[in-house]
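A.B. asks: Below are the chains, spelled out letter by letter.
2 protein chains.
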Amino acid sequence: MEGARQRQDQLTKPRGSLGRLEELAIRLAGITGHVRPRFPSKAVIVLAADHGVVEEGVSAYPQAVTAQMVGNILAGGAAINVLARGAGARVVVADLGVAALLPDDARLIQKKIGHGTRNMARGPALSANEALEAIRVGAEIVEGEVDRGLDLVATGDMGIGNTTASSAIVAAIASWAPAEVTGRGTGVDEAGWRRKVAAIERALEINRPDPRDPLGVLAKVGGYEIAGLVGVILEGAARRIPVIVDGFISGTAALVATELCPAARDYLIAAHSSVEVGHRMILEQLELVPLLNLDLRLGEGTGAAMAMHLIDAAAALLDEMATFAEAGVSQRAETTVAEFKSPLS
Amino acid sequence: MEGARQRQDQLTKPRGSLGRLEELAIRLAGITGHVRPRFPSKAVIVLAADHGVVEEGVSAYPQAVTAQMVGNILAGGAAINVLARGAGARVVVADLGVAALLPDDARLIQKKIGHGTRNMARGPALSANEALEAIRVGAEIVEGEVDRGLDLVATGDMGIGNTTASSAIVAAIASWAPAEVTGRGTGVDEAGWRRKVAAIERALEINRPDPRDPLGVLAKVGGYEIAGLVGVILEGAARRIPVIVDGFISGTAALVATELCPAARDYLIAAHSSVEVGHRMILEQLELVPLLNLDLRLGEGTGAAMAMHLIDAAAALLDEMATFAEAGVSQRAETTVAEFKSPLS
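Chains A and B, in that order, are what the protein sequence lines are. Numbering follows my numbering, with no gaps: position 63 of the first sequence is 291. Numbering follows my numbering, with no gaps: position 188 of the second sequence is 416.
Please keep in mind that the hints were generated in silico from the structure rather than gathered at the bench. Small disclaimer: the values here were computed from a predicted structure and weren't measured. Some clues are possibly wrong.
As the list claims (entries may be wrong) - Listing some non-contacts, in silico: residues in chain A with all C-beta distances to chain B over 12 Å:
(1) Gly342
(2) His343
(3) Ala402
(4) Leu432
(5) Pro439
(6) Gly444
(7) Arg468
(8) Arg508
Said to hold, decoys possible - Sample of chain B residues at the chain A side, in silico, Cβ under 8 Å:
(9) Gln296
(10) Gly314
(11) Ala541
Yeah, the Cβ is synthetic: ideal placement off N, Cα and C, and Gly gets one too.
Produce the entire structure from the sequences given, and follow the hints as far as they go.
C.D. replies: Below, the structure is given as structure tokens:
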């Protein structure tokens, strides 16, 4: 970071004039351990799973959409495909717990641990072993990508009902009231929102998750894809690969990951500020300032894919710009009032 | 715009979930007149010129830096080169009024109208004819690029002293106090900032620009590159090419352009929110919400080049995403409370 900072100050621009891109480049140097890091090999890891709590009428879309959207992503037609193509990133899709049997497809990583979670409003969504297994699968997917040269990873999710699980996790860990951390997800109406809050309240009442036990919280009111993203984040951080955290679901996974391992926080880059109210609370808690604010509420890793452009830009500026010496440009004059004789004075 | 909106609502995502990117894509359709616009041919137009007001000690850098930085941009070592390369845009550099004689270079558009402006603290910076000539040159540069297939244009500037001229223009047009619209530019210290405000106050006192005469304001307290950017903006808008407005200098040109022709406003996309206080006031005045907020204060078109990624993303999403029908994905269920029988009730 010190080397990157020194180089930053020799580049042909007023010191600090590239604002947050300068800080970002210096952080990227710290994460990777390289003074001039670059990120040619990028992946968005999209983990898919279903949620038993949809029985409570918490989502605007039917559960079948999770499997349908996995198909859409595999076919290249989803928002994340478009944005990842634009950012030069590959999309890695894994089934960690979709309720439907998905067709055999070589492009899909088949790691189904269960057919959706159990309904957390009636009991624990996952067992502790299931949650741990999902974390392990997430970490393994990153390992596989590292073998393919990965140097920048983004988190993505697909799962009808997963904003309900995420709100429950955030409420449990941060001891916030469910109504405060619950948004409209894919767009439930007022009655749906009330059902969603009620389901979270029941889930917390029945399961009594302990805020000091993040794994327990993840199992009791979480989901397969959220736990998998915890694994993606921890493995990425451990490998010194910058982890771009997408929106609310990914942010919830980041919250759990940093509860498990506080040092992981420094390897995270917050992509954007989602419309979901709980996401802003997570970002404040993690003291991460998002790069973008585009009122997104889609998930899939869409915000993270767009943030890749800014990460590439920050790294390219640090790496490619000419220094004052190389370009023969005069540095800042340390002027004093006395040096200037105003023609009017 | 109506066609783009209809398509937007058929794409495989919850309606509105791509937030500002959806609105942006619809605006791009309106600007270009195409339901699915794309932008393969992009240019950042960087206009360079000097400012006589630097005699007053208003800048942290010596005037020679303008010419040196033009050389740096031509050699490909400046921030704008790095960012334009990343965005797939060409950099078009023109000398409209640099105080030094620049070496012959086929890559430089030589359109010098004068050797820097006159010191606006002592009299008019430009004559009305010089300002008009600069506008004409800016428009001609866009015409030339249109002949090369241009379909997305960004504004950029290079000129030591040009935040002083921009603050004077904004103060004159919007009747704001100079101290309110004056920032630190490339980074003057407190004494430098006071000299800068004093120079603007003297310029307004001596030249008495009329806020109802934007051309007069542009001549009296403006600059060659700022006037040139007015031409770039007006010609871009007239050709139905989206114009990405960079930071404070470009924003000042946009303010003048929309005073001359209010309809031009709808063709402008605000790239980012600069650190310069006057820039935020311009954006409010123009009712433009910037895409990025990265605390930049560099100019050159750097923020605009980065905004190109978001514009490409918005257009690609509208163009490339699958529709619900194409992907076989279920649409939103219009659920009612009655449809859901909670297993707990």
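A.B. asks: Going by Cβ atoms only, is glycine 314/B closer than 8 Å to chain A?
C.D. replies: Nearest chain A Cβ about 6 Å off; hint holds.
A.B. asks: Far enough from chain B: is every CB of that chain over 12 Å from the CB of arginine 468/A?
C.D. replies: Fine: 23 Å to the nearest Cβ keeps arginine 468/A off the interface.
A.B. asks: Once the shortest beta carbon distance from alanine 541/B to chain A is found, is it less than 8 Å?
C.D. replies: Hint on alanine 541/B: holds, closest Cβ of chain A at ~6 Å, below 8 Å.
A.B. asks: Verify the interface restraint on glutamine 296/B: the C-beta must sit less than 8 Å from at least one C-beta of chain A.
C.D. replies: Interface hint status for glutamine 296/B: holds (4 Å vs cutoff 8 Å).
A.B. asks: Quick one: work out the minimum CB distance from histidine 343/A to chain B and report holds if it exceeds 12 Å, violated otherwise.
C.D. replies: holds (17 Å)
A.B. asks: If I take the minimum Cβ distance from glycine 342/A to any residue of chain B, is it greater than 12 Å?
C.D. replies: holds (18 Å)
A.B. asks: Is the Cβ of leucine 432/A more than 12 Å away from each Cβ in chain B?
C.D. replies: With a cut-off of 12 Å, leucine 432/A remains clear of chain B, as the shortest Cβ separation is near 14 Å.
A.B. asks: If we take the beta carbon of alanine 402/A, is the closest beta carbon in chain B still more than 12 Å away?
C.D. replies: holds (25 Å)
A.B. asks: Is the nearest CB of chain B more than 12 Å from the CB of glycine 444/A?
C.D. replies: Non-interface label on glycine 444/A holds, nearest chain B Cβ at 22 Å vs cutoff 12 Å.
A.B. asks: Just double-check proline 439/A for me: nearest Cβ-Cβ distance to chain B has to come out over 12 Å.
C.D. replies: holds (24 Å)
A.B. asks: Beyond 12 Å from every chain B Cβ: check whether that's true for arginine 508/A.
C.D. replies: holds (14 Å)
In summary, this structure violates none of the numbered hints.
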